[in-house]
Each structure stands twice: as C-alpha cells, then as structure tokens.
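Input sequences plus hints: build the corresponding full structure.
Under mature numbering (1 follows the signal peptide of the UniProt record, and there is no 0), the residues of the sequence shown are numbered -19 to -1, 1 to 154, in order.
If you are wondering where the hints come from, they were derived from the structure by calculation, not from laboratory data. Fair warning: this is a prediction, and the values are worked out from it, not measured in the lab. For glycine and all other residues, C-beta sits at the position ideal for the given N, C-alpha and C. Keep in mind that the hints are not guaranteed to be accurate.
[As the list claims (entries may be wrong)] With a straight-line cut-off of 25 Å between C-alpha atoms, the simulated DMTMM-like cross-links for lysine to aspartate or glutamate are:
1) Lys39 <-> Asp29
2) Lys134 <-> Asp103
3) Lys39 <-> Glu25
4) Lys150 <-> Asp103
5) Lys134 <-> Glu120
[Unchecked claim] Now the in silico label distances, taken between C-beta atoms and shown as ranges:
6) Asn14 <-> Arg41: 39 to 47 Å
7) Gln131 <-> His32: 52 to 60 Å
8) Pro153 <-> Val125: 55 to 63 Å
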Amino acid sequence: MINIKACLFFLLWVSLTASLDKDYEQRVAELRNLLELSEDDLQELGQDRRHNQDEIQKSRNAIDSDRQPFLRNMKDEIDEDENQDDLGLRTTSNSQHNNAGIVVTLQNRAAMNTRLRVLYTDPACQPYLAETNTLVTHETGSVVIPSNSQNIKVTVQKDMIASNWRDIKTVPM
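Encoded structure:
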C-alpha cells in the first residue's frame, strides 16, 4: 500500500517538475535572446515602444477631444435649425408691458420639459434671475420682471435627462 502511494506521489512530483522546467526553459531562452541583442537593437526597441505609447496617447486624446458629452449629442424632437429662430420670436413677441412690469411668456411645444429663465439687472446694476417652473408639453409659463429692468437676457432651456438642462436659445432684449 505504501509503495503504491509513494509511486503515485513520485509520478505527480515528476510531472510537476517537468512542467515547471518547461516554463523555466522558456523564460531562460527569452532572457538569453534579450542579452544577445546589441545595444542598438535595444535602443530601437525602446524607440518603438515609445512610438507606440505616443500613438496610443494621441489616439486617446483624439477620442477625448472628439467625444462630446452624451447629453449634448441628443437631438431634440424640434429641428433646431428651423425652430431656434421661432423660439426667439415667440419669446420676444410674447413679451408685454403691464403696470407691474415686463411679462415674458413661453409655451412649451416640445415633447420634453422646458423652462424659461430671464436674467436682468436693475438700474443699480444688481443682477437678478427669474425663472418659470418646469413646463411640460403644451404648458405655458410666464415671468414678470420690473419695467425698469436693463440688460435683459431670455433663455429657453430643455431638460435632456434627469433635470440636466441645456440652453436651446438665448435672446437679448
């Protein structure tokens, strides 16, 4: 019984050492090849490696510079080229004066949430921001600013995803 166990153990040990020996021989052969290379070959390998690293870095930089944030690439349901001027016209044409001040109104015709923000200054050049709540499709919102406001900028923003707002149009008045 002991002889069978000893024989099995010996066979296992021989196969294990043989596999380790093959790995060792491969590593030794690679090291010998590196040692046999001349100094010029080593410099050439180093230059090739640096060139490859430079190419990889250039590729990464090109990808990063070409990559725009995902939210900026999303297209609105409204064709921006045709309707940006329309948004500006609606914003300015819906502006009315009343006794309380200037009323700026926006009707959301898009299938995404929209809001209206009005940045203005008073005669003492103190900045103020007035904005509507989130407007869903076909909802209308208005902002009233004082009649003596100056430097008025009306901005229409769309909610791209999860309250991440994107400026669609800014109109100075």
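Against the structure, the hints come out as follows:
| no. | hint | result |
| --- | --- | --- |
| 1 | Lys39 <-> Asp29 | holds (15 Å) |
| 2 | Lys134 <-> Asp103 | holds (13 Å) |
| 3 | Lys39 <-> Glu25 | holds (21 Å) |
| 4 | Lys150 <-> Asp103 | holds (23 Å) |
| 5 | Lys134 <-> Glu120 | holds (22 Å) |
| 6 | Asn14 <-> Arg41: 39 to 47 Å | violated (32 Å) |
| 7 | Gln131 <-> His32: 52 to 60 Å | holds (59 Å) |
| 8 | Pro153 <-> Val125: 55 to 63 Å | violated (19 Å) |
Violated hints, listed in ascending order, are 6, 8; each of the other numbered hints is respected by the structure.
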